[in-house]
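Engineer: Sequence:
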Amino acid sequence: MKVIGVKRRPELTSEEHKSYADEIVGLDQLDRVVKEADYVVGVLPKHETTGDFFNMESCFSKMKKSAVFMNIGRGTTVDEDHLVDALKTGKIAGAVLDVFKVEPLPKESELWKCPNLLMTPHCAD
1 MKVIGVKRRP ELTSEEHKSY ADEIVGLDQL DRVVKEADYV VGVLPKHETT GDFFNMESCF
61 SKMKKSAVFM NIGRGTTVDE DHLVDALKTG KIAGAVLDVF KVEPLPKESE LWKCPNLLMT
121 PHCAD
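Here the sequence shown is numbered in the working numbering, starting from 1 and rising by one per residue.
It is worth saying that the hints were derived from the structure and are not from the lab.
Treat the hints loosely; a few may be bogus.
Subject to a maximum C-alpha distance of 27 Å in a straight line, what follows is the list of computed BS3-like cross-link-like pairs (lysine-lysine) [claimed, not checked]:
{"id": "1", "residue 1": "Lys2", "residue 2": "Lys91"}
{"id": "2", "residue 1": "Lys107", "residue 2": "Lys46"}
{"id": "3", "residue 1": "Lys107", "residue 2": "Lys91"}
{"id": "4", "residue 1": "Lys65", "residue 2": "Lys113"}
{"id": "5", "residue 1": "Lys18", "residue 2": "Lys7"}
Given the sequences, and given the hints that come with them, work out the whole structure.
Structural biologist: Next up, the structure:
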């Protein structure tokens with residue numbers, strides 16, 4: 001498996017953290033990395049610049065149809081409506097979510113209706 005990390009400031013990555021990945025790139029390489037990835041894993045914090053960071057335009061429409069999206073960061077970083085659309089239309093193969101915009105996830109959320117979505121109860125620690 002090849003692991004590629006994407007960071008806003010890759011030049012500030014410590015030598016120890018570099019040892020955990022095959023490559024660490026900046027946001028300018030996000031499109032390339034998302035197109036190549038079998039798994040896209042979100043670990044972003046909640047911040048004014050990360051709201052709905054993972055959406056159809058920036059991520060889901062560029063992923064391989066066989067790829068899986070995972071989020072263990074913050075629920076606010078994923079546009080859940082776009083993810084539902086990507087899952088239901090087969091733009092991506094599946095997703096794993098440990099966090100959601102609203103927790104607990106409301107009964108009426110369309111995420112519950114996606115058979116290709118694995119949900120865990122905010123326990124990815």
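Engineer: If a hint holds in the structure, say so; if it doesn't, say that too.
Structural biologist: Hints and how they fare:
1. Lys2 to Lys91: holds, 22 Å
2. Lys107 to Lys46: Within the cut-off at roughly 24 Å; holds.
3. Lys107 to Lys91: holds, 24 Å
4. Lys65 to Lys113: holds, 19 Å
5. Lys18 to Lys7: holds, 12 Å
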